[in-house]
Structures are given as structure tokens and as C-alpha cells.
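**Q** So you can see what is in the structure, the chains are spelled out below.
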Amino acid sequence: MTDESRPVDELAAAYALDALEPAERARFEAEASPEALEEARQLADTAALLAADEVAPPPSLRASVLDAIAREPQRDEAPPLTRPTASAPHRDTDEPRAHVAAARPPGAAERRARARWRPARVLGAIAAGSALLLGGVAIGSQLGGESQQEALGALVAAPDAERSEVELADGGIATVVWSPAREQSAILFDGLPPAPEGATYQAWFIDGSGARSAGVFEASSAFLLEGELSAGAAIGVTVEPAGGSEAPTSDPILVVET
Amino acid sequence: MTAIAEPRAAARWRPAILGRVETSLEQCLVRAADGDERAFAELYDATAARVFGLVLRILVDRAQSEEVAQEVYLEAWRQAKRFDPSRGAAMSWLLQIAHARAVDRVRSSQSQRDRDERIGVRDTAVPVDEVAEQVEISLDAARARRALGELSDAHREAIELAYFEGLTQSEIAERLGAPLGTVKTRLRDGMERLRGILGVTT
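In order, the protein sequences belong to chains R and G. In terms of the numbering used here, the first sequence opens at residue 1 and continues consecutively. In terms of the numbering used here, the second sequence opens at residue 1001 and continues consecutively.
It is possible that some hints are incorrect.
[As the list claims (entries may be wrong)] Distance windows between CB atoms, simulated:
#	chain 1	residue 1	chain 2	residue 2	range
1	R	38	G	1154	22 to 28 angstroms
2	R	219	G	1189	44 to 50 angstroms
3	R	226	G	1146	55 to 61 angstroms
4	G	1143	R	35	51 to 57 angstroms
5	G	1035	R	62	17 to 23 angstroms
6	G	1086	R	170	40 to 46 angstroms
7	G	1150	R	230	58 to 64 angstroms
8	R	228	G	1034	36 to 42 angstroms
[As the list claims (entries may be wrong)] Just a few of them, taken from the derived set where beta-carbon distance is under 8 angstroms, the chain R residues facing chain G:
#	residue
9	55
10	167
11	170
[Said to hold, decoys possible] Every beta carbon over 12 angstroms from chain R, so not counted as near; a handful from chain G, in silico:
#	residue
12	1024
13	1027
14	1045
15	1152
16	1154
17	1177
18	1178
19	1179
What the hints contain is simulated information worked out from the structure, not anything from laboratory work. All C-beta atoms in this analysis are idealised placements derived from N, C-alpha and C, irrespective of residue type, glycine included.
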């Protein structure tokens, strides 16, 4: 990929207006050029100038907000890096309202805000986007459970995370992300069609000893592979009969060397 | 919250009172990041009408808007350390959180239905000025209206559907019966033009 402008760059304005679907947002944050990310930041400032109408909220809101923050812990500067993985409990659980807020995926503003703290361009953007990856409905159901979602967030935020992008035969795009240090990997999809009737997608770790299943999944925008990624293994995906197979029975729709 | 004034509190209090302008908001937010609840209260007082105005404009429903506004401030409190005053204004940072939250909410289906209903009611029952009377017309608001007014109808329509109704670009295309590519172009060109008109104020 060159450092010139990229096709996804044209989404900067829509991104700044929060007018992208979760998968598109993820793609923009992962693939946009640094210029486009800066453009989006500036246009978001422009958009905020449109929010100029003032309507006084009821006084009770002030009391409620101040009461809530008094009991609400603040986060450290860069949780994507410092927060331990999957099992790290979210600390907001003892306060009902705060919990509701905490459980919701952070919005674009936060993602942009987070992005500001991250030096690395692409993975920084993905890491910031981890929240929005978590926000997608498909992902939520595919990964099932916040700890899985947090694991995905931690993976894309890992300092050693690498990525590789593959165009699928039908025109969709798969981005494989992996972290050797964490021995974890995930695949983000943009435009993956549903598996044929009676079939499922199955991911594999492939090394000298053969292919080892990394779990089955349905069409989704992200899949966190099950099992540890061993050094040098390739990651592949095949279409298998529902329930999955012991070993691949069809040609892979994608293979990526890690 | 402690009511006992520590020696420095008075000193911290003063500049915010003297200069209730953009710069003081950034200071409030930076202090809030250190756990200063009083600074956060100042920030709230200076921004709540704007935040609530935006959320209400998007969600229409008051009760939901109050919930979302509360979420916005909680998030701002939790994320205050991530705010970087060198990269932008506190008001903009806050409004971006508010916009994202309100849009998240409007895209949940029930909220969307409620909203459509309310908009339907509003459109048929009360012609124009129901909202206008509660809205304080500020200079900023007048400026925003003027800027939107300078856009072509097509650009303005696309931007308003995105920003104030929380539609995605695909939904805008559907709503307008226009190709997605056209909508992308309108959003992009329209926003570029807006930036030109409004300037970059940070």
C-alpha cells in the first residue's frame, strides 16, 4: 500500500459526521492515510460548530451528573496499552447508571480522542477503533461476551500487532491482525458474504505439522481466532460443512503468512 | 465532593470566573482529569446547554436526551485524561462525544421509532417554532445557520441528515433516492465548503 491517498480516504467527511456503519468506520480507521485521519479530525471540529443551539437541561441533570462523577473512577491515559487483557474487570460495575454508560461502546469522538494519544498510524488507528469493532452487532454476537471483545481490543492495541490485508475473491476485504507476543490473532472482514446454506467458515492455523482448527464462525465483521498462534504459522479460512471439520476439506478463501 | 476550600481552590476558581471563554474550558477539563470535581462542575455549567441542545436536536425525546447527556458527561469525566488541549477545543471534544453518543442511541431501533413518531407529531401538530422558543439564539448558532444557508440545498440536506438526524451515508442515499457515490461526494464537498466558511477555530 502506498502512502498516497487511498480509496478509503474519501470517507473522511462521513467519518467526521459519524455517518459510517461500524465496519466502514473500522476500515477507515485502519486504512486511511495520515492526511485523511487529520482531515477527519478537522472536519469533526467543523461539524461541532454546527451544534450551536443551546437548550437548558433540567437542573436535576446537573445534580445527577455531579453525583455520578463523584463515584466514578477515571481511566488512565492509555488503557488500550495498560489494561490487562480479557479478564480485566471493568471497574464501573458498582454503579448502575455508570455501568450502562460504561458498557456502551465509546463513540467516535472517543475513538478520535484515543487516536490522538497513539503515535503509530495504522495500528494506532485500529487500536482506537477496537471500541468500534466491539460496537458492531455482528461482532458482539460472533465473539459473544465482553471478555472476548476486550481480548480483541487488546490484540489490535498490542504494541507488536501486525496486519495484512487480503482481497477476497468476491471483492470483500479481510484484514488479518496478529500479535506474536500475545500469540493471538483476529480477522476483520469488510463485505464477507454469509456462508452457503449448510456450511460455515472455519479458521485454521497452518504450520509444518498441518492445519489446526482455530474455530468456526458465520459472516461477521470480526473473528478472534481460538487458540494460540505459534511462531511462523499461517492463518487460513475455508468454507466447511456446518459444525466445522477436523481438517480443511476445501480450498482456502484466504491464507496469510504471519 | 468536599466543600472545604483548600488554599489553592480560590486561586483555581478565579481565572475560570474571569474568563469564561474557550480557554477556561480547556483548563477546566485538564483539572477535571486530575479528579477536580469542582472544575468539572464549571465545565458542566459552561457547556450543558450546548451539549443538551445537540443531543435533543438529534433524539427529539427529552427523557432520552437527559439520559444520553448524562452518559456524555460521565464519559467525559472518565476520559478527561485523553483530552489534549493542544489538539483542539474542549467544547468541540465534548460535542463530538455527545454527537457519537446521541447517534448511537438514535440508531437503536426503539429510539428510532420513538423519534420518528415524535417528529411526525411535531411536524403535523406544531408547525415551526415549538423548538425555537426554548432555543437560545446565540451568536454561534446564528453563525452556524448562516453557514449552512450558504451551502447548496443538496449539500446542506446531506449534512443535516447525517449530523442532526444521525443517518449513515447509506441511509441518506436511501432516503434521498440518490446513489451512494453522490451522497459521499455531497458530504465531502459540503463539509469542505463549511470548513471554508466557518474557518478552523480551535
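**Q** All hints, please: hold or fail.
**A** Hint-by-hint comparison with the structure:
1. R/38 with G/1154: 22 to 28 angstroms: Given range 22 to 28 angstroms: holds, Cβ gap about 26 angstroms.
2. R/219 with G/1189: 44 to 50 angstroms: The hint (44 to 50 angstroms, Cβ to Cβ) is violated, given that residue 219 of chain R and residue 1189 of chain G are roughly 34 angstroms apart.
3. R/226 with G/1146: 55 to 61 angstroms: holds (56 angstroms)
4. G/1143 with R/35: 51 to 57 angstroms: violated (28 angstroms)
5. G/1035 with R/62: 17 to 23 angstroms: Roughly 19 angstroms apart at Cβ, these two residues keep to the hinted range, so it holds.
6. G/1086 with R/170: 40 to 46 angstroms: holds (45 angstroms)
7. G/1150 with R/230: 58 to 64 angstroms: Cβ of residue 1150 of chain G to Cβ of residue 230 of chain R: about 60 angstroms, so the range 58 to 64 angstroms holds.
8. R/228 with G/1034: 36 to 42 angstroms: holds (41 angstroms)
9. 55: holds (4 angstroms)
10. 167: violated (20 angstroms)
11. 170: Violated. Min distance 19 angstroms.
12. 1024: holds (18 angstroms)
13. 1027: Holds, because the least Cβ-Cβ distance between residue 1027 of chain G and chain R comes to about 17 angstroms, which exceeds 12 angstroms.
14. 1045: Residue 1045 of chain G not clear of chain R: closest Cβ-Cβ about 8 angstroms, inside 12 angstroms.
15. 1152: For residue 1152 of chain G, whose nearest Cβ neighbour in chain R is about 15 angstroms away, the distance exceeds 12 angstroms, so it holds.
16. 1154: holds (14 angstroms)
17. 1177: holds (17 angstroms)
18. 1178: holds (14 angstroms)
19. 1179: It holds; residue 1179 of chain G is separated from chain R by about 14 angstroms at its closest Cβ, greater than 12 angstroms.
In this structure, the earlier hints numbered 2, 4, 10, 11 and 14 are contradicted, and the remaining ones agree with it.
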